[in-house]
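**Student:** For the protein sequence lines, the chains are D and X, in the order given.
If you want this note's numbering, it's the 1-based position in the first sequence plus 7.
If you want this note's numbering, it's the 1-based position in the second sequence plus 7.
Take these hints with a grain of salt, some might be off.
Label pairs and their calculated CB-CB ranges [as the list claims (entries may be wrong)]:
| id | chain 1 | residue 1 | chain 2 | residue 2 | range |
| --- | --- | --- | --- | --- | --- |
| 1 | D | Lys-352 | X | Arg-51 | 35 to 45 Å |
| 2 | X | Arg-312 | D | Asp-81 | 39 to 49 Å |
| 3 | D | Asn-329 | X | Ile-170 | 30 to 40 Å |
| 4 | D | Thr-59 | X | Gln-320 | 51 to 61 Å |
| 5 | X | Arg-169 | D | Asp-85 | 44 to 54 Å |
| 6 | X | Lys-17 | D | Lys-175 | 27 to 37 Å |
| 7 | D | Lys-17 | X | Thr-110 | 57 to 67 Å |
| 8 | X | Glu-133 | D | Asp-85 | 33 to 43 Å |
| 9 | D | Val-33 | X | Thr-110 | 53 to 63 Å |
Hints in this document: simulated from the structure, not taken from any laboratory.
Think of the CB as a built atom: it goes at the ideal place given N, C-alpha and C, for glycine as much as any other residue.
2 protein chains.
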Amino acid sequence: MQTYWSSMAKRATPYVPGEQMNEKYVLKLNTNENPYPPSQAVIRAITEAANTDLRRYPSPDPEQLRELIGKTYDLTKDQVFIGNGSDEVLAFSFMAFFEPGETIRFPEITYSFYPVYAQLFAIPYEPIPMQADLSLDIERFFHSEGGVIFPNPNAPTSMAIRIEEIRKILEQNPTRVVIVDEAYVDFSTKSAVSLINEYSNLLIVQTTSKSRSLAGLRVGYALGNEDLIQALIQIKDSINSYTLDRLAIAGATASFFDSLTTKDNIKKIIQTRTWVSEKMKAYGFQVLPSETNFIFVTHPKVSARQLYAQLKQRQVLVRYFNQPTISQYLRITIGTDKEMEQFFKRLDQVIKSCHRLG
Amino acid sequence: MQTYWSSMAKRATPYVPGEQMNEKYVLKLNTNENPYPPSQAVIRAITEAANTDLRRYPSPDPEQLRELIGKTYDLTKDQVFIGNGSDEVLAFSFMAFFEPGETIRFPEITYSFYPVYAQLFAIPYEPIPMQADLSLDIERFFHSEGGVIFPNPNAPTSMAIRIEEIRKILEQNPTRVVIVDEAYVDFSTKSAVSLINEYSNLLIVQTTSKSRSLAGLRVGYALGNEDLIQALIQIKDSINSYTLDRLAIAGATASFFDSLTTKDNIKKIIQTRTWVSEKMKAYGFQVLPSETNFIFVTHPKVSARQLYAQLKQRQVLVRYFNQPTISQYLRITIGTDKEMEQFFKRLDQVIKSCHRLG
Chain D
8 MQTYWSSMAK RATPYVPGEQ MNEKYVLKLN TNENPYPPSQ AVIRAITEAA
58 NTDLRRYPSP DPEQLRELIG KTYDLTKDQV FIGNGSDEVL AFSFMAFFEP
108 GETIRFPEIT YSFYPVYAQL FAIPYEPIPM QADLSLDIER FFHSEGGVIF
158 PNPNAPTSMA IRIEEIRKIL EQNPTRVVIV DEAYVDFSTK SAVSLINEYS
208 NLLIVQTTSK SRSLAGLRVG YALGNEDLIQ ALIQIKDSIN SYTLDRLAIA
258 GATASFFDSL TTKDNIKKII QTRTWVSEKM KAYGFQVLPS ETNFIFVTHP
308 KVSARQLYAQ LKQRQVLVRY FNQPTISQYL RITIGTDKEM EQFFKRLDQV
358 IKSCHRLG
Chain X
8 MQTYWSSMAK RATPYVPGEQ MNEKYVLKLN TNENPYPPSQ AVIRAITEAA
58 NTDLRRYPSP DPEQLRELIG KTYDLTKDQV FIGNGSDEVL AFSFMAFFEP
108 GETIRFPEIT YSFYPVYAQL FAIPYEPIPM QADLSLDIER FFHSEGGVIF
158 PNPNAPTSMA IRIEEIRKIL EQNPTRVVIV DEAYVDFSTK SAVSLINEYS
208 NLLIVQTTSK SRSLAGLRVG YALGNEDLIQ ALIQIKDSIN SYTLDRLAIA
258 GATASFFDSL TTKDNIKKII QTRTWVSEKM KAYGFQVLPS ETNFIFVTHP
308 KVSARQLYAQ LKQRQVLVRY FNQPTISQYL RITIGTDKEM EQFFKRLDQV
358 IKSCHRLG
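All chains, full assembly: derive it from the sequences and hints.
**Tutor:** What follows is the structure, given as structure tokens:
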């Protein structure tokens, strides 16, 4: 009916997340969650914070956590903004740095939330076509009217660009903010954090959902020069004074105090990614060079849509994007070694049945 | 510097919450928190949810909690929207139902976040002057161009209007949404929930922060007809798929399963409010008739600002609003009986010293 909807509500075209909380799947490899649990220290910290103080508001500014995240990246507290998941941080960034009517640029194949934010806030956008190998066409991000946003490594392609390329994009957009969405950067070596003190137009967005195994806690953050961070605070404090609850603050703080568990988990995932990629190639898949906790694959002879459906029938959930350019690809989250062995068992059945069908 | 700020970031004029997490105050009666802890079932549910599943995203739509809240108010799941605190729910409501350029109305003396949202989203507003006794001037809310929002009971005045008056406002704004912010309604008897099935333009916003002792958990919700709720979902899913973390969902669910603790606490607070109000009057204060967990008071002979400062010196924090019309008032949260006895001890000292000064 939309009887009472504002023009904003009417033009909104929501993001559709991967299927969640669905117990019927044996293998859930569709939302890039970490297969390993968070540090025990996180669980302890949350359990301790679950006390009668819940009747009190949290701090509107979780300063200790900002300081701790800052230290992790050799930055000050004032170069750190924390939000309710990196999606909220990205939404606030669109509000704080992009202007309605001024065209921003992002890759054609990328996180599908970007056009959603742009549409909601009436920011025109120009999707930049990928190169033939699905990598970013760097020069086409130069001189953007309204600003630039891209993930590095990119999703769902899993591929990263080098810091020197990010530097070029920053230098060729001196009056505009360049947002580098580093949701998956801990599985890579190409973080642009070292450029923050050099470029005042660089905003980096990271999350505890992937490498830190805290998707269920909703804590994301932005790193950048103080003036950018202040703009995000300005937006946040005009929407919700307390975006992080007491338990999320406690859990995230414990996670940053114990980064060793995270590092171990990352190492294991990268090892698994290596053999999984090789084995996929042995099955005839083309596997893009992944620097994330997922792989992006295509098979010259088997339809991706068919593969997705057949895996689903066998209780394996992967992500299929029904959109041009990548309609022949599947995104597969890297699980534990054991999970990936199960995955290959089922993939094997599917491939054989496809060959029979073909 | 604001070098890279959008026009939205520049025009934002953030809300300033009451002081938080400040251990140096013996008595913190400034942010209307509940003096009693939440149900033990809430603590248990959170402790149980603090497990390895934190690596998984929460449900993007906490359906079970929506259903449970719906049942609590004889509504369906589709008449319930849940957000990260009622502040976020209010922000989304401004985005979903109010139109940039169309003037909305709210009381001159009210929750000071409303003008913040309006400013951020470029929605013009007309503050409606209060009646002489600081109550709402109902008829001046009729025929609003852009819509209406007011708290009931109102804050910081603590006074409520009757359902029949809300009905009039709804009927005289048939093409516009009327938002009734019922943050404090559980301390009153005047909820407009019963009008939801009658008026499709009524949106009610409530919170678990006050009566349910869960300010630290950040769970607020809206109740209204399905078309209004769908607009809020549309906005939320265009900003952040998962606004509630796993722990908040678990804790809030437990709270709605055990409403008895909440009811007990409300009863105690209302009893305390009664004797505190009487005692304040004995001290010569004028006390507005409160239907909330705070009182709004003024003294004919003592400056409110001076009183606020002197109480603060004695480690008692109350809320003072440095704004016209109410600059002679203080807002005092109702604590436990014991806390309020301590409060009166210190107030007594202050009053005596003021008289000496006077």
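**Student:** Now, for every hint given, state plainly whether the structure supports it.
**Tutor:** Status of each hint after checking the structure:
In this structure, Lys-352/D and Arg-51/X meet the distance hint of 35 to 45 Å, their C-beta atoms being roughly 39 Å apart. Between Arg-312/X and Asp-81/D the beta carbon distance is about 45 Å. The supplied range of 39 to 49 Å therefore holds. Asn-329/D and Ile-170/X have their C-beta atoms about 49 Å apart, which leaves the hinted 30 to 40 Å range violated. Distance hint check for Thr-59/D and Gln-320/X: the Cβ-Cβ separation is about 28 Å, which falls outside the suggested range of 51 to 61 Å.
Distance hint for Arg-169/X and Asp-85/D: a CB-CB separation of about 49 Å, consistent with the stated range 44 to 54 Å. In this structure, Lys-17/X and Lys-175/D meet the distance hint of 27 to 37 Å, their C-beta atoms being roughly 29 Å apart. A C-beta distance of roughly 20 Å is found between Lys-17/D and Thr-110/X, which places it outside the suggested range of 57 to 67 Å. Distance hint for Glu-133/X and Asp-85/D: a CB-CB separation of about 38 Å, consistent with the stated range 33 to 43 Å.
Distance hint for Val-33/D and Thr-110/X: a CB-CB separation of about 56 Å, consistent with the stated range 53 to 63 Å.
Comparing the model with each numbered hint stated earlier shows that hints 3, 4 and 7 do not hold.
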